[in-house]
Amino acid sequence: MQVDLEQMNTWLARMLSIRYFEDRVAGARDKGLVPGLPHLSHGAEAVAVGICHHLDADTDRITGSHRSHAAALAAGVPPVQMFGELTGRHCGLSGGMGGTQHIIAPESGFLCSNGIVGAQVPLAAGAALSAKSLASGGVAVAFFGDGAINQGAVSESMNLAATLGLPLLFVAENNGVSQSTGSASVSAGPGITARARALAMPAEQVDGRSVVQVSLATERMIRWVRDSGQPALLEAFCTRLSGHFYGDGREQEGEHPDDPIMVASEYMLKLGAEPESIKALEVRIGEKMDAAWAEALASPPATVGDYQAICGAIGL
Amino acid sequence: MTQKTYSYAAALAHALDQAMAVDARVVLLGEDIREGVFGATNGLAKKYDPSRVLDMPISETAFTGMAVGAAMTGLRPVVEIMFCDFMGVCFDQIINQAAKARFLSGGRLTLPLVIRTTMGAGDGSGAMHSQSLAHLLTSVPGLRVAMPSTPADAAGLLLAAIADDGPVIFFEHKGLYAVEGPLDEVIEPIPFGEARQVLRGSDVTLVALSAMVKVAETAADTLAEQGISADIIDPRTVSPIDMAAITESVERTGRLVVVDEGAARCGLAADIAAAVQQQAFAALKAPVQMVTPPHTPVPYARAAESAWLPDAEAVIGAVKRTLSQSIIGSM
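So the sequences go chain by chain: A and B. Mapping to the working numbering: the first sequence position 106 is 106, numbers consecutive. Mapping to the working numbering: the second sequence position 147 is 463, numbers consecutive.
If you're looking for bench data, these hints aren't it; they were derived computationally from the structure. Among the clues, some could well be false.
One-sided excerpt, in silico: chain B residues whose CB lies under 7 angstroms from chain A [unchecked claim]:
no., residue
1, D371
2, I374
3, A378
4, G390
5, N412
6, Q413
7, R418
8, L420
Computed footprint of chain B on chain A, listed as stretches where at least three residues anywhere in the stretch have a Cβ under 8 angstroms from a Cβ of chain B [said to hold, decoys possible]:
no., region
9, 19-30
10, 281-293
None of the values given here were measured: they were computed from a predicted structure. By construction, the Cβ of each residue, glycine as well, lies at the ideal position given by its N, Cα and C atoms.
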């Protein structure tokens, strides 16, 4: 199964946007412009892009983990507002009150990311319950990692979604590490899909380095979830290229064969793309991210008054 | 307005019915709620579509979290956590997810979620089915907390909680479910943060919460026979709390006794005592007294549990202590 160059071009542009967005976040953290611990999605861009391609921001709802810049951007969250949030500025999604682990953009279909591993999964079950109860036609997608599979919140939600019949796609991004502990050494049994199948939930595995493969698998599974109103699980294997959080000294140096951007570029060359056109796309996306970064930095940092106004608005 | 007599449990069911009848987005979920363990959801499974009264697996984390997510996306869920002791199981979903979502969204999200739960000792349920944990939830910014003491307050506050666009934790005392009282057929919501003046008096202020209101009333009857006039305030909600009503009373009486079944340390009694000392220190004629259980788990054996619970005698003792002391006299 092949996809055409035009589609590949769109997907590569999205993956590059995510990569370059996060490169700028990393650079800004080095300069002290991003407080806290940004957990970068380097290596998982194809999973986010391949899945979000099949979602409708008006009716579908995504919840993400602490490592969800990629999913948020792939869902269509504007980079300027993301930059603004990560640098604690007025133009940020939440006016700078949330930060990197609390990306909240329901207007883009991205309900929230989360500071607690696995906690976003029950929230996605709630979005699925709303879609079902309000007959919106929407589905929910919960992104989580292989580390989260050992959280009760995740196993409980799988059982709950299956028993209630909720239109919910569980997306396990399996990068093999639970923070810095090898997941295999802390996870019993034959794996994540086996846990879903034990609940009679359809489950598939996919090469998460390939946006093409992720998209094909997602198309099938999302259609099934939407039509049947039942949950399913997709396990996508990918490699974490950037450490647990940026600056922890675990970044992969240089080019990596599992880099989904390289995998996509090579696929495009095989389809007959000109290397120059890919270069040109990289330059164009880089310039776009530079412009978004500059626009975000032009916005003033959130003030104590902004914080107080938000508290006042919600009765705190 | 037509009034009828309702038990506390029936009043809650009546309020849920009234809310569900006018708004299809109100859905109930919890363990065994179709059957109804305490009677607060009686009759609703029969009356409403099965999709609106949902029995849950014994997975407090998943179903509480599901309710949080549903509240973010258009429903107005009312969750039942059968005993507040079980909140330990799903505390992340309450204190991190429900409590912080509106703030973290910069005020863009609403979170119309009610978590109903039970509290209270006195029925021999033991240490894991008898706690009163309202203080834990009150300490978390972003949660509103109610603890009604009468059928009418329970019904009116529950309606207000369901109409609220933020998360509310609603504490129902197990020992009050059978208590009867008058209730309007058409219930009016009672705003949060408005205390109820239970009894008007001049010698001492008793601030009492939940089932302790009745204990304070019993104590006040005895005190009245001895010529001591007690003012009783039931805050009804502790987040927000009507400090104005409490300080107004203390300014009239000069003496305060706080009665709570929750924690002896870092609890609501300590919180109210501290706030009064900050806001009305000059009015106090004697040190504030707190009547709480001892700082131990709730014991099971009848005699021990009974001794553990604050009673009218303990309240009377505290009132006598405050009347016999004087800040000015001791200086």
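Each hint tested on the structure:
For B/D371, the interface hint is violated, the least distance from its beta-carbon to any beta-carbon of chain A being 10 angstroms, above 7 angstroms. A least Cβ separation of about 9 angstroms between B/I374 and chain A goes past the 7 angstroms threshold, and the interface hint is therefore violated. Proximity of B/A378 to chain A holds as hinted, the smallest CB-CB distance being about 3 angstroms (cut-off 7 angstroms). The restraint placing B/G390 at the interface with chain A holds, with a minimum CB-CB distance near 5 angstroms, inside the 7 angstroms limit.
Interface restraint check for B/N412: the shortest CB-CB distance to chain A comes to about 6 angstroms, inside 7 angstroms, so the restraint holds. Because the smallest distance between the Cβ of B/Q413 and any Cβ of chain A comes to about 6 angstroms, under 7 angstroms, the interface hint for this residue holds. About 5 angstroms separates the beta-carbon of B/R418 from the nearest beta-carbon of chain A, less than 7 angstroms, and the hint is met. Nearest Cβ of chain A to the Cβ of B/L420: about 4 angstroms, under the 7 angstroms cut. The hint holds.
For the region 19-30 of chain A, the proposed coverage by chain B is not satisfied: 0 residues have a C-beta within less than 8 angstroms of a C-beta in that chain, short of the threshold of three. Remark: the region 281-293 of chain A is not confirmed as covered by chain B, as 0 of its residues place a Cβ nearer than 8 angstroms to a Cβ of that chain, below the required three.
Consistency with the previously given hints fails for numbers 1, 2, 9 and 10, ordered from lowest to highest.
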